[in-house]
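Going down the list, the sequences are from chains P and E. Quick note on our numbering: the first sequence kicks off at 140 and runs consecutively. Quick note on our numbering: the second sequence kicks off at 3 and runs consecutively.
Calculated directly from the structure, the hints in this document are not laboratory data. Fair warning: this is a prediction, and the values are worked out from it, not measured in the lab. Watch out, some of these pointers could steer you wrong.
Simulated restraints, written as ranges between beta carbons of each label pair [stated by the list, open to error]:
no.: 1; chain 1: P; residue 1: A353; chain 2: E; residue 2: Y53; range: 45 to 53 Å
no.: 2; chain 1: E; residue 1: M146; chain 2: P; residue 2: E413; range: 30 to 38 Å
no.: 3; chain 1: E; residue 1: G120; chain 2: P; residue 2: A353; range: 46 to 54 Å
To give an idea of the chain E side of the interface with chain P (calculated C-beta under 8 Å), a few residues [stated by the list, open to error]:
no.: 4; residue: L4
no.: 5; residue: A23
no.: 6; residue: D46
Some residues of chain P that are not near chain E, with every Cβ distance over 12 Å (derived) [said to hold, decoys possible]:
no.: 7; residue: R148
no.: 8; residue: A209
no.: 9; residue: K290
no.: 10; residue: M352
no.: 11; residue: L427
no.: 12; residue: A431
no.: 13; residue: F434
no.: 14; residue: D521
no.: 15; residue: E618
no.: 16; residue: D711
The C-beta atom is built at its ideal place from N, Cα and C for all residues, glycine as well.
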Amino acid sequence: MAWARRILRVNLTDGACTHEPLNMDWARQYLGQRGLATKYLMEEIDPKVDPLSPENKMIMATGPLTGTCASTAGRYSVITKGALTGAIACSNSGGFFGNEMKNAGLDMIIFEGAAKTPVYLFIDNDDCRLIDAADFWGKSVWDTEEGIKEKHGDPQIRIASIGVSGEKGVKFACVVNDMHRAAGRSGVGTVMGSKNLKAVAIRGTLGVRVDDMARFLETTAAGKAVLAENAVTGQGLPTFGTQVLMNVINEVGALPTRNHRDVQFEGANKISAEAMAEPRESDGKPNLVRNAACFGCTIACGRVSTIDRTHYTVAERPEYQIASGGLEYEAAWALGAATGVDDLDALTFANFICNEQGLDPISFGATVGAAMELFEEGVITDKETGGIDCTFGSARALTDLAELCGRGEGFGAEIGLGSKLLCEKYGKPDLSMSVKGQEFPAYDSRGVQGMGLTYATSNRGACHLRSYTVSSEILGVPEKTDPLVTDGKASLVKAFQDATAAVDSAGICVFTTFAWTLEDIAPQIDAACEGEWTSESLLEVGERIWNLERQFNIAAGFTGKDDTLPKRLLKDAAKAGPAEGLTNGLDKMLPEYYDLRGWSPDGVPTNETVSRLGL
Amino acid sequence: MLKALNIDPGKCTGCLQCELACSYENEGLFNPAKSRIKVFNFHDQGRFVPYTCTQCDEAWCMHACPVDAITVNRATGAKEVNDNLCVGCKVCTIACPFGTVNYNSATGKVIKCDLCGGDPECAKACPTDAITYVDADWTGLDKMRQWAAKTDAGNTGTGQQAAH
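Taking the hints into account, I'd like the entire structure generated from these sequences.
Next comes the structure, spelled out in structure tokens:
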């Protein structure tokens, strides 16, 4: 129970759609979603394949709790070899698509091969087929969602699709569902585009059962009560969203600014949650319309926003004078502080475009930041940018590049390379603020030391969600640690990595862990799933997943040398704020981390570790 | 005291916990597609609106049913469908001006909100009190209180006092 026990295999090359039973032995070892799909991927592809070749596979996966009444239990992930990184990619999304997939009786959809011409997959419970997508190719995510619903005459279909950016090979294209929820990072949408797969459209009405319904209702109700009573999940996130962090992170001197040149942004307050709630002059209404929830979520951190109708981006374009997905913290940082732009409406517009055309706003904004530094250093000029004035702080450059990158056109196509390839192309590889090819999110590891180790060792390239030690180092959850020291961070990072891998594999949202520990989560999984599930067994599953992902990357050609940070963070000290004078002390944390992991000094899991985890 | 479901769309976040609870209560599994209450997402306006049967006194569905399969539960006021009598003719789905009676092709019967026998699961599941189950004669009480609090009359300058 909880698992649908069924997967769908879609061979895009020959068009065959075949149901198969789920491998339950693997489900017990890897739980679901992130872990289980990585196991399938590891078994079915050579990690050395070109991510954009037909030999790469792409898996959409739900967790055992997806589609149940557990809070936040609507998650699904896209697992593949990432186009941006060449590493294992697992991008997690909320919205309502995951629930629909589970209700169609699917734990996973495995896509293999590549279609000769654009197609979309249509699933109506047991009926699964590929349909010609010529009408939708070249269309945005928003138009594709609307068009597919109209074509099938069913407004209740849920859709995950790519925008034009994914068709055009932008390296950080994402898969967007429900208009503005995204499997965002690592270029999973680029892989989807390379397979000529425009969209997956699902209508699922089969229902979801769990093992022990009565106990599940009790344990999930207890979990919801914990979320409601917690200050972060019960008050902070619903009221301010993740944007509650903007001023906090700026004050602690960990807000990477202008491509990580600075650690504090003078315009932070103008792009913060507080600014989003401030009535504007033109119509007296604030940017923020209201908060919104993903499927089953009792936190509801999502932002619904509008752009000032008099703003240059939308004044002549009524189609954007609507309420839609607003700024989350990571997007606000990347589109704002990383580029030095403090125009809230320009950021909101760029965010709309990222949703509409399927761009990861983190990698997009950070790459624009890198391009702005190249421009200010005179490495690139008007000639390369096509006349766009790419100085730091230029809102017009940001919004123009969002539209160009979304369509894969002009200098936008170069932004679409991601910062690593862009900076290499112009002979300045050190200006790419990335690890394993993936751009940093919104925390400067000089001011939050543990995040340096988090980024360096993250299996999908720089990422905050793999081990969010900000929670401990800045917010004091579950207990406060000093953000400016490296002591104790190796074990902190490992603990967060293992727990998060289990949470991601269950089908719930990692934001629950601001309030929930595994002690809150295990009883819910235990009631839902057959077998015995405890905090300890979940941690073991998490550790197994982490090591499996590491094995994938090693087989793909990554080594311990890739567990590093850009020189700027290791050599150039923070210029201001509490971390002034500090660089990131990665060299003090990494050997201890390898040791705690049971890896060799060059970062390879030892035979003993491999066998202990049953890999 | 007769009670009624009271819906405040302004408080709804669109999480669908009400649909999960409704489908579990009525079908024994989690299946929003079989929920008697639906949350509508007016995306471009940023509005979520839960919608279900309001239990009309002179219920169109009840009067339209040719086999008297829809009857009033005297204790709750709910118009309930008797599955043993329902022939799946769907005349009630046409008669209902609000669309809250719907056909279930899996059973060949119609389904609608029956207030869970007087203890509606949707209201209990709602995390934001967008759906409450209150005195049927006073569904406007909360709104009246909010507006009352905004009136100046009677303000003696001694600070705000809680109204009951």
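Hint by hint, here is what the structure shows:
no., hint, result
1, P/A353 to E/Y53: 45 to 53 Å, "29 Å, violated"
2, E/M146 to P/E413: 30 to 38 Å, "32 Å, holds"
3, E/G120 to P/A353: 46 to 54 Å, "21 Å, violated"
4, L4, "28 Å, violated"
5, A23, "7 Å, holds"
6, D46, "4 Å, holds"
7, R148, "25 Å, holds"
8, A209, "10 Å, violated"
9, K290, "19 Å, holds"
10, M352, "7 Å, violated"
11, L427, "9 Å, violated"
12, A431, "6 Å, violated"
13, F434, "6 Å, violated"
14, D521, "37 Å, holds"
15, E618, "27 Å, holds"
16, D711, "42 Å, holds"
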